[in-house]
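**Student:** Since chain C is already given, all that's left is putting chain X on it; use the hints.
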Amino acid sequence: MTFRQKHLLGIEPLHPVEITTILDLAETYVDLNRRAVKHSDVLAGLTQINMFFENSTRTQASFELAGKRLGADVMNMAMQASSIKKGETLIDTALTLNAMNPDLLVVRHPHSGAVDLLAQKVNCAVLNAGDGKHEHPTQALLDALTIRRAKGRLHRLNIAICGDVAHSRVARSNLILLGKMENRVRLVGPPTLVPRQFAEFGCEIYDDMEEGLKDVDVVMMLRLQRERMDGGFIPSEREYYHRYGLDAEKLAFAKDDAIVMHPGPMNRGVEIDGTIADDINRSVIQEQVEMGVAVRMAAMDLLARNLRAETQEGVYV
Amino acid sequence: MRKLLENARLIDPEAGTDSPGWLLIKDGVIWATGAEGEAAPESDRRINCGGHCLAPGIVDIGVKICEPGERHKESFKSAGQAAAAGGVTTMVTRPDTIPCIDTPETLEFVTRRAVEDSLVHIHPMAALTKGRDGREMVEIGFLLDAGAVGFTDGDTVTTDTKVLTRAMTYAKSLDALVMLHPQDPGLSKGAAVTSGKFASLRGLPAVSPMAERMALDRDMALVEMTGVKYHADQITTARALPALERAKIKGLDVTAGVSIHHLTLNELDVGDYRTFFKIKPPLRSEDDRLALVQAVADGLIDVICSMHTPQDEESKRLPYEEAASGAVGLQTLLPAALRMVHAGAMDLPTLWRALSLNPAKRLGLKTGRMAAGAPADLVVFDPEAPFILDRSKLVSKSKNTPFDGAKMQGRVINTWVAGERVFGDPL
Chain C
1 MTFRQKHLLG IEPLHPVEIT TILDLAETYV DLNRRAVKHS DVLAGLTQIN
51 MFFENSTRTQ ASFELAGKRL GADVMNMAMQ ASSIKKGETL IDTALTLNAM
101 NPDLLVVRHP HSGAVDLLAQ KVNCAVLNAG DGKHEHPTQA LLDALTIRRA
151 KGRLHRLNIA ICGDVAHSRV ARSNLILLGK MENRVRLVGP PTLVPRQFAE
201 FGCEIYDDME EGLKDVDVVM MLRLQRERMD GGFIPSEREY YHRYGLDAEK
251 LAFAKDDAIV MHPGPMNRGV EIDGTIADDI NRSVIQEQVE MGVAVRMAAM
301 DLLARNLRAE TQEGVYV
Chain X
1 MRKLLENARL IDPEAGTDSP GWLLIKDGVI WATGAEGEAA PESDRRINCG
51 GHCLAPGIVD IGVKICEPGE RHKESFKSAG QAAAAGGVTT MVTRPDTIPC
101 IDTPETLEFV TRRAVEDSLV HIHPMAALTK GRDGREMVEI GFLLDAGAVG
151 FTDGDTVTTD TKVLTRAMTY AKSLDALVML HPQDPGLSKG AAVTSGKFAS
201 LRGLPAVSPM AERMALDRDM ALVEMTGVKY HADQITTARA LPALERAKIK
251 GLDVTAGVSI HHLTLNELDV GDYRTFFKIK PPLRSEDDRL ALVQAVADGL
301 IDVICSMHTP QDEESKRLPY EEAASGAVGL QTLLPAALRM VHAGAMDLPT
351 LWRALSLNPA KRLGLKTGRM AAGAPADLVV FDPEAPFILD RSKLVSKSKN
401 TPFDGAKMQG RVINTWVAGE RVFGDPL
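If you read the protein sequences in the order shown, they are chains C and X. Residue 270 in the UniProt record's numbering sits at position 270 of the first sequence, with consecutive numbering throughout. Residue 290 in the UniProt record's numbering sits at position 290 of the second sequence, with consecutive numbering throughout.
Just so you know, these hints were derived from the structure itself, not from any lab. Among the clues, some could well be false.
Unchecked claim - Here are the simulated EDC-like cross-link-like pairs (lysine to aspartate or glutamate), alpha carbons at most 20 Å apart as the crow flies:
1. X:K397 <-> X:D96
2. C:K151 <-> C:E12
3. C:K86 <-> X:E314
4. X:K248 <-> X:D272
5. X:K26 <-> X:D312
6. X:K172 <-> X:D145
7. X:K397 <-> X:E313
8. X:K3 <-> X:D27
9. X:K361 <-> X:D96
10. X:K250 <-> X:D217
11. X:K197 <-> C:E200
12. X:K397 <-> X:E420
13. X:K162 <-> X:D217
14. X:K172 <-> X:D184
15. X:K130 <-> X:D145
16. C:K180 <-> C:D24
17. X:K316 <-> C:E204
18. X:K407 <-> X:D217
19. C:K121 <-> X:E420
20. X:K316 <-> C:E200
21. C:K6 <-> X:D272
22. C:K121 <-> X:D312
23. C:K86 <-> X:E322
24. C:K121 <-> X:E313
25. X:K197 <-> C:E12
26. X:K197 <-> C:E204
27. X:K189 <-> C:E227
28. X:K366 <-> X:D145
29. C:K121 <-> X:E6
30. C:K151 <-> C:D215
31. X:K393 <-> X:E420
32. C:K121 <-> X:E322
Extracted from the complex, chain C is given alone in its bound form (with noise of 0.2 Å):
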């Protein structure tokens, strides 16, 4: 087991061995959330606190879940509604949070970056939990989970990442966490949502998604980030749909045991059709979200780990 990172800002400081660490703790977590009785205590006696700069149900829902199964006190701000609307900068609420000694930061943030400086000014481990344009590393981890649960491994897969990958921080986290474990990624897309600059990344960019699709074992769907977008990127939802929301006749090229996964909401009828999305052959789109509680509660764990080694001058897992 190794995990050396006091935070968790990004898929791409980890190492591939980093990634396998956090999975494999994930597995644990995931037996202990199935049982009748969900809790352990290893983040008993530390504060974790979620700071949410943009909406979000699903994922703070998540991490308040995770931090509470391991026992940790979870306070959520809503920091919309918050002293920021009073004109404080961001190192300055982070400074104000810090000073009343939070073990574990969550946070999102609308600005690509904006989590990064933040963790340069407080103590405590800081979990991104969405920044901007840039990086959503648990989502990555997650979904990285459901695949090697659902194919049996993580490396050596035919990967499509579909739809608005210019908008889309789960797309750069997976594309980096995807290409660390070896498996070969596509992103499939109209041009106007799919840079072709990520070639550089070693994906293979196809704008067309029959080809895009074939004979891939992964077809992860991304939603169309509308409130990201300042002017048209698509002439319409409805040609959206038609030429790249993913319905059965699409699918069919895909192997035959492709799994389809979302990270959510979903736009049905936009990006993904209702009856893929409920296909419980297909669709792993529920065990996602199962998932996500488990890694985060991972990734939760070992920081808290290093922060106790770092305080205890130990040493890190």
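**Tutor:** Below, chain X alone, put in the same frame as chain C:
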């Protein structure tokens, strides 16, 4: 009083020479120069330069002094001291203050404050359109009379080409210099970095380098149409260079500048969202940087400037997208520019052509050269002296330099303005 600067390495950008010699100052002007061994005329004071370089003082086009409006960021006094410490003897100021310099009255304020407080010469530029909003041209004639050396709306781009054409045509009739910021406003809207692998990885809003060429092409068409004297404030991409070259070959009255930051840094320096590297236009790729250095060496790009833009800590200590753009540069311009000399990309006279001679010529100033009769605006410097830059030691009120902690070479020993020493200990 006649002062003889002897035992110096004379850097003459006009003659393209770099040779040992002496220089005589009388009545604030360069009276004579001579090679080593040549008998020097009588003088009242002899100053031994210790074999260090003696070059014309730098003429820096596009300095932002935050007076009026944001004096806490930079004042005429602090900017003048920073300039003197950096070997800059003439600052050509930008009009993008609060309020902006778009009337003879506000321009007079600048001139008056400059004379009161600044150690070095200041020549102000005025806005090209009222309020810099691209709707109505300023009183170009009155402003010229009041001392404006150029007209620019700073980094705002006028999209209404009809307004721009009229302003250019009018400026042409008065032989006024117009300086524009070639950047397509649509493509560059909201951008914080240059598009490419780095921007994709960091998830930051990006602009294609093509936005610069598009705007330069447009501007060149307008120059061809109106015949105005045009200066591009910053050319920062390799793709824009052919358009510039074509315009020059065609004989249009066009010159171009580049900021020192685009010549010495690239987009990767932004690293983990370091906002002190956020400038406008954003830092480019290494290929662009190398092409720009070559363009300066070849003379295609005429002018190197610092694009001195003071910003306080509060406006920089924010998430990258929200943080303010700009970097201070008056004090680091010379050592940063010397990097190109140390890297073997150009010699000192070539560098000084872009630092002093060309900008002075473009603005119709007599400074910037070593010839007899020119004002004695000079800098004595040791091009080799190594140091590590500590931003807290900068003289500017704002310390937003991207070179904090950088290893640099080149120390200013003395700066002379109109024959008087304004920086450094007596030699």
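**Student:** Would you mind marking each hint as holding or not holding in the structure?
**Tutor:** The hints, checked one at a time:
no. : hint              : verdict
1   : X:K397 <-> X:D96  : 18 Å, holds
2   : C:K151 <-> C:E12  : 24 Å, violated
3   : C:K86 <-> X:E314  : 16 Å, holds
4   : X:K248 <-> X:D272 : 40 Å, violated
5   : X:K26 <-> X:D312  : 41 Å, violated
6   : X:K172 <-> X:D145 : 15 Å, holds
7   : X:K397 <-> X:E313 : 11 Å, holds
8   : X:K3 <-> X:D27    : 9 Å, holds
9   : X:K361 <-> X:D96  : 24 Å, violated
10  : X:K250 <-> X:D217 : 13 Å, holds
11  : X:K197 <-> C:E200 : 7 Å, holds
12  : X:K397 <-> X:E420 : 24 Å, violated
13  : X:K162 <-> X:D217 : 16 Å, holds
14  : X:K172 <-> X:D184 : 24 Å, violated
15  : X:K130 <-> X:D145 : 17 Å, holds
16  : C:K180 <-> C:D24  : 17 Å, holds
17  : X:K316 <-> C:E204 : 37 Å, violated
18  : X:K407 <-> X:D217 : 38 Å, violated
19  : C:K121 <-> X:E420 : 47 Å, violated
20  : X:K316 <-> C:E200 : 30 Å, violated
21  : C:K6 <-> X:D272   : 16 Å, holds
22  : C:K121 <-> X:D312 : 18 Å, holds
23  : C:K86 <-> X:E322  : 17 Å, holds
24  : C:K121 <-> X:E313 : 15 Å, holds
25  : X:K197 <-> C:E12  : 14 Å, holds
26  : X:K197 <-> C:E204 : 14 Å, holds
27  : X:K189 <-> C:E227 : 17 Å, holds
28  : X:K366 <-> X:D145 : 18 Å, holds
29  : C:K121 <-> X:E6   : 53 Å, violated
30  : C:K151 <-> C:D215 : 14 Å, holds
31  : X:K393 <-> X:E420 : 24 Å, violated
32  : C:K121 <-> X:E322 : 18 Å, holds
Of the numbered hints given earlier, the model fails hints 2, 4, 5, 9, 12, 14, 17, 18, 19, 20, 29 and 31; all others are met.
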